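The chain contents come next:
There are 4 protein chains.
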Amino acid sequence: MRIGVLTSGGDCPGLNAVIRSVVHRAVVDHGDEVIGFHDGWRGLLECDYRPLDLDAVSGILARGGTILGSSRVQPAHLRGGVETARGHVADLGLDAIIPIGGEGTLKAAHLLSEAGLPIVGVPKTIDNDIASTDVTFGFDTAVGVATEALDRLKTTAESHQRVLIVEVMGRHTGWIALHSGMAAGAHAIVVPERPFDIGELTELVGKRFSAGKKFAIVVVAEGAKPREGSMEFNVGKKDQYGHERFAGVANQLAIELEERLGKEARPVILGHVQRGGTPTAYDRVLATRFGWHAVEAAHHGRFGMLTALRGTDIVMVPLADAVAELKTVPAQRYEEAECVL
Amino acid sequence: MRIGVLTSGGDCPGLNAVIRSVVHRAVVDHGDEVIGFHDGWRGLLECDYRPLDLDAVSGILARGGTILGSSRVQPAHLRGGVETARGHVADLGLDAIIPIGGEGTLKAAHLLSEAGLPIVGVPKTIDNDIASTDVTFGFDTAVGVATEALDRLKTTAESHQRVLIVEVMGRHTGWIALHSGMAAGAHAIVVPERPFDIGELTELVGKRFSAGKKFAIVVVAEGAKPREGSMEFNVGKKDQYGHERFAGVANQLAIELEERLGKEARPVILGHVQRGGTPTAYDRVLATRFGWHAVEAAHHGRFGMLTALRGTDIVMVPLADAVAELKTVPAQRYEEAECVL
Amino acid sequence: MRIGVLTSGGDCPGLNAVIRSVVHRAVVDHGDEVIGFHDGWRGLLECDYRPLDLDAVSGILARGGTILGSSRVQPAHLRGGVETARGHVADLGLDAIIPIGGEGTLKAAHLLSEAGLPIVGVPKTIDNDIASTDVTFGFDTAVGVATEALDRLKTTAESHQRVLIVEVMGRHTGWIALHSGMAAGAHAIVVPERPFDIGELTELVGKRFSAGKKFAIVVVAEGAKPREGSMEFNVGKKDQYGHERFAGVANQLAIELEERLGKEARPVILGHVQRGGTPTAYDRVLATRFGWHAVEAAHHGRFGMLTALRGTDIVMVPLADAVAELKTVPAQRYEEAECVL
Amino acid sequence: MRIGVLTSGGDCPGLNAVIRSVVHRAVVDHGDEVIGFHDGWRGLLECDYRPLDLDAVSGILARGGTILGSSRVQPAHLRGGVETARGHVADLGLDAIIPIGGEGTLKAAHLLSEAGLPIVGVPKTIDNDIASTDVTFGFDTAVGVATEALDRLKTTAESHQRVLIVEVMGRHTGWIALHSGMAAGAHAIVVPERPFDIGELTELVGKRFSAGKKFAIVVVAEGAKPREGSMEFNVGKKDQYGHERFAGVANQLAIELEERLGKEARPVILGHVQRGGTPTAYDRVLATRFGWHAVEAAHHGRFGMLTALRGTDIVMVPLADAVAELKTVPAQRYEEAECVL
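Same order as they appear, the protein sequences are chains A, B, C and D.
Numbering-wise, my numbering puts 102 at position 102 of the first sequence, and it's gapless, one number per residue.
Numbering-wise, my numbering puts 65 at position 65 of the second sequence, and it's gapless, one number per residue.
Numbering-wise, my numbering puts 188 at position 188 of the third sequence, and it's gapless, one number per residue.
Numbering-wise, my numbering puts 191 at position 191 of the fourth sequence, and it's gapless, one number per residue.
Derived by calculation from the structure, the hints in this document are not laboratory data.
Owing to the predicted nature of the structure, the values given are computational and were not obtained by experimental measurement.
You may find that some hints are simply not true.
Because identical chains share one entry, a pair is satisfied inside a single copy or across any pair of copies.
What the hints assert, rightly or not - Heads up, simulated DMTMM-like pairs for lysine to aspartate or glutamate below, C-alpha to C-alpha not over 20 Å straight-line:
1) 225 to 197
2) 207 to 338
3) 213 to 259
4) 207 to 55
5) 107 to 258
6) 214 to 46
7) 263 to 200
8) 263 to 114
9) 213 to 83
10) 213 to 200
11) 213 to 53
12) 214 to 55
13) 207 to 335
With the rest of the complex left out, here is chain A (with noise of 0.2 Å):
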């Protein structure tokens, strides 16, 4: 068989074990041929690639970021775009093509599967919103990133007796937020799938510091918004220099709460520092496994489909299931993390 393989989108740690595994898989236990697209889609439309063997995925399973690059690039987008990558499969007589990527990179992958062309999709995001399966790779890490900052932001404020609003990634689900606001024990979790009430906010942590404590921890994901009319709120309002930058929600947040509550409040923002680096062992066994499966996959001509952990299994689903809809966080899980609070 010959295989391509390509990495889609922001950066996710487990992309690298993923490739390497897709390789050991292929070439190791059923002599294909693998070869790597640059650069996403746009080394699939521009017929930009490398052969990969085990030496060029040698030393990569620990290493953040991906070997073949990645970028935004959607063949949907581009005129003839589907078209183009049907020519460039048929000309490098590939027998299946395995897309690493989030939810753009899904629907792309359904697109072109529906076209005809033979996809086995490999899911990926930090943000872990993908139905359909139970974890992506690179959520752990991300988790594991915050909740090492959380625990270092527990001290600081408690020093400087503060609120700090520490705002992690999510921009439609809140499930970063939730997981690393329970595990540092966040005395607030503010999710987007529950718009917040200021005032039920600026209650809850107010408690806190009525019954003596000295500082508090408000976990809230980039995504999160106020209840309609609880809160003036300026999604993406620009700053003085025309960026929108400057305008998150943490930053908002911090400002109400420090005048709501007569107690300094301080907004952190974490950042990009959460999608990089290397993985954690959980996302590079997760990661190794889906690639494993990938490749089997493709063997089977399970084309169409994506692979995704339930439970402690490696199924194959549906591209269509898969990209229908965001895996959000359901009310019980929030109702666990609230005890806690």
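Fit chains B, C and D to the known structure of chain A by using the hints.
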């Protein structure tokens, strides 16, 4: 409600997180009273305990060990143990007992439950070998510690052009060996579930050297054994001081591989470092959820049950099932690992 | 002897290690009595303290923060502060006071010492900018945290083909920027000691892209400023809410470099995570030695002095010297760093 | 200039950082040519080398091991070794050779230097026992790894109510034992510089148990020995297989303390994990500075010298001084540590 909690058996990262979660859920959300028995079942049998309120569990989430202490005392081993326990439960007016422990502890819990005591178990083992639950807390931390050690050992093995035989925990099952070996890119993984043939193992490692590589890492679970007749093997053979402790599998494998390969081979025994210290975020979240659900189960009268992870859900399963047999590494998981050796 | 100890100013990993060491050396080896004032100088001024015995400092060595609390209260700022302090020292029968703190604290210590109080200072700052000592505890931890973040950010910058401007602590000096930038292999390091020319900086980063590299990491100390006339710069300019906090140097540099380079540039502000949490082994050892020697100095009547590291020795230096001027990054150190940019 | 660099002896975190720094300083700032010999002195003796340009050292700063390989070959041990080396230096037109290594390597460097070869040495040892320099790179990483292990072992020792005897590296000196023991709050530290009296050690540990504590951690350097007549001690005694490896000091201490204290005692041997893997920020900075200054020394014709840290400065010291004697733990440092045991 009045709830007694205890921790029993060996150290395991996440014990304190369970205790804290039990207290939070019970006290804050249900208005319960919680007491903690000292040193596992010993505390129950000798009525040695202390009240646990929110202050008592403040700041313990990320701490290793157990604030309640532990022991290997088992009620069934003591004459009249069950009756004594029953008497103290009555005297103390306990409505529920939540023992947190491994296989032995859960067997004792099952016994007491059969004898009519209101027990809700929480499984605990870094070995991950308890059936009925996908994962146990402590396992992720153990794998993380072992993987970090393996990451470090790799550069040393390479610089010194050696074979390193790294012994990880796992007396009966190879879960830690499998996961840390996969995560760190070991070149051979030896687990108790598959007695090894020393000839095959030598060949596998030898192939690396033939291919021009200058070092190899073999991960071996402490409970691994050779296939019968494959090599002389001294289970628990005594050393010159009359102690069994120096004749472990890594030591014997190092000697054997060195002779057969003609390459320097050294044993490294990771030991207790895998079972202590601060838990990973994964383990803190899982432990916290177990504690929450154990309290819920008690309030719903679901005694004789055990908290368990199934996929992303916490479910209650009969204690009888949990102790029926060990969860071993299935052949499929081992095959997945092999492709990247 | 009767010794009072206090911690003052911002959080700094190693504070608890000093407190523990003071208590151990004083109580165990000298049979002294030790009391700890709450919240820095406030505790002394308001006679708010507690006795510190061995149990009180058990288990705190590796913990961030300070068990005594801290504040920014300075005796000189309060009318009659010095007299009040003197009175309480007499009332409590204290033979020595050991304040642990940064520049402001040491100035206050110097003042009280001049006024005749028996003071032995211990320097504390993550910024490493106190003259008279080679290193201060907390600095190594801060550099370690920043370096780990930079290691992670590198793969993300590479995957996203971006310039990342990473702001680290250092209001007046660039020690953290210099060391973390060198340790992580940053491509430019910007420190307060050398106002930057935005043109030169653009050129330096631009050369990387011309050479075919796809990303760059710029480490910048929070106190860095452009050379006069080099670019518009808004020190502490207010944001739309009237707060100064969003107009830091990393934000402004990101905007400027993006425009000049035509490459996506993003600011990352590491913030408080650098000053909290468990200290590195290096900082624990240094802090422990400072505590030991502070007690020795007290017993030898060496008041008005400060513990300091010189090479591998702990020496005592006059408080007057320590507060005379900041220790800045010398040109030679900056030149060493440049070669690997 | 044409410079040859080589790494010799055991693995040590920071080797790659030195190599990278030598290449950057030499190539970028001086326009030199650099070659790297493979496997230490062997590469020089067999003229086995490769050119090192900026690409060759890209991405290696944070990596453990050495890209050049290492060996324990010493020129003086080979007949005609010095002459062979001299011949190759002439043939290759080398103006300077920078060997990076430990005691043995520096002795060889001294020998070659005496024979007229243009040598600038860089000291390397995790043991920190080279005189003339305050610290060697690799030491901080080793101490960090040992401290992290000790932090974890503490909770396990406590839960299991045991004495743990933790053996760390240090064949001739106790620096790692001293620093990791102080950093982790060990209850006894045993170093080669002070032969231990088993009776006194038993008493010291026993006092903890008498005081109601339930566990103890003893850190022991691998080269520690009992005071003569204090206990039977089998240096390098063979095990049942004729190997010396199982009769280390931790094992013998565990047996002895268990018998004398009547408490369970277990040995833990940290081993190679201390000398591999990614260096700490501290070690990366020190290694980078050493590389920079080695190139400067070569350009100033300062041959027969060694880079050394003195306070915060890098200075050059004669190779002769560096190899004259080991730097041992002075009594004063040991006394400082004792107060917190």
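Okay, the hints, checked on the actual structure:
1. 225 to 197: The answer is within: 9 Å in one copy meets 20 Å, while 40 Å across copies does not.
2. 207 to 338: Intra 14 Å, inter 45 Å, cutoff 20 Å: intra-copy only.
3. 213 to 259: within (19 Å within a copy, 46 Å between copies)
4. 207 to 55: between (59 Å within a copy, 15 Å between copies)
5. 107 to 258: neither (42 Å within a copy, 31 Å between copies)
6. 214 to 46: between (58 Å within a copy, 19 Å between copies)
7. 263 to 200: Classified as within; 16 Å inside a copy, 42 Å across copies.
8. 263 to 114: Close neither inside one copy (56 Å) nor across copies (36 Å); limit 20 Å.
9. 213 to 83: neither (63 Å within a copy, 32 Å between copies)
10. 213 to 200: within (18 Å within a copy, 46 Å between copies)
11. 213 to 53: Between. Shortest inter-copy distance 16 Å satisfies the 20 Å Cα cut-off; intra-copy 58 Å does not.
12. 214 to 55: Between. Shortest inter-copy distance 14 Å satisfies the 20 Å Cα cut-off; intra-copy 55 Å does not.
13. 207 to 335: For residue 207 and residue 335, only the intra-copy Cα distance (19 Å) is at most 20 Å; the inter-copy one is 48 Å.
Of the numbered hints given earlier, the model fails hints 5, 8, 9; all others are met.
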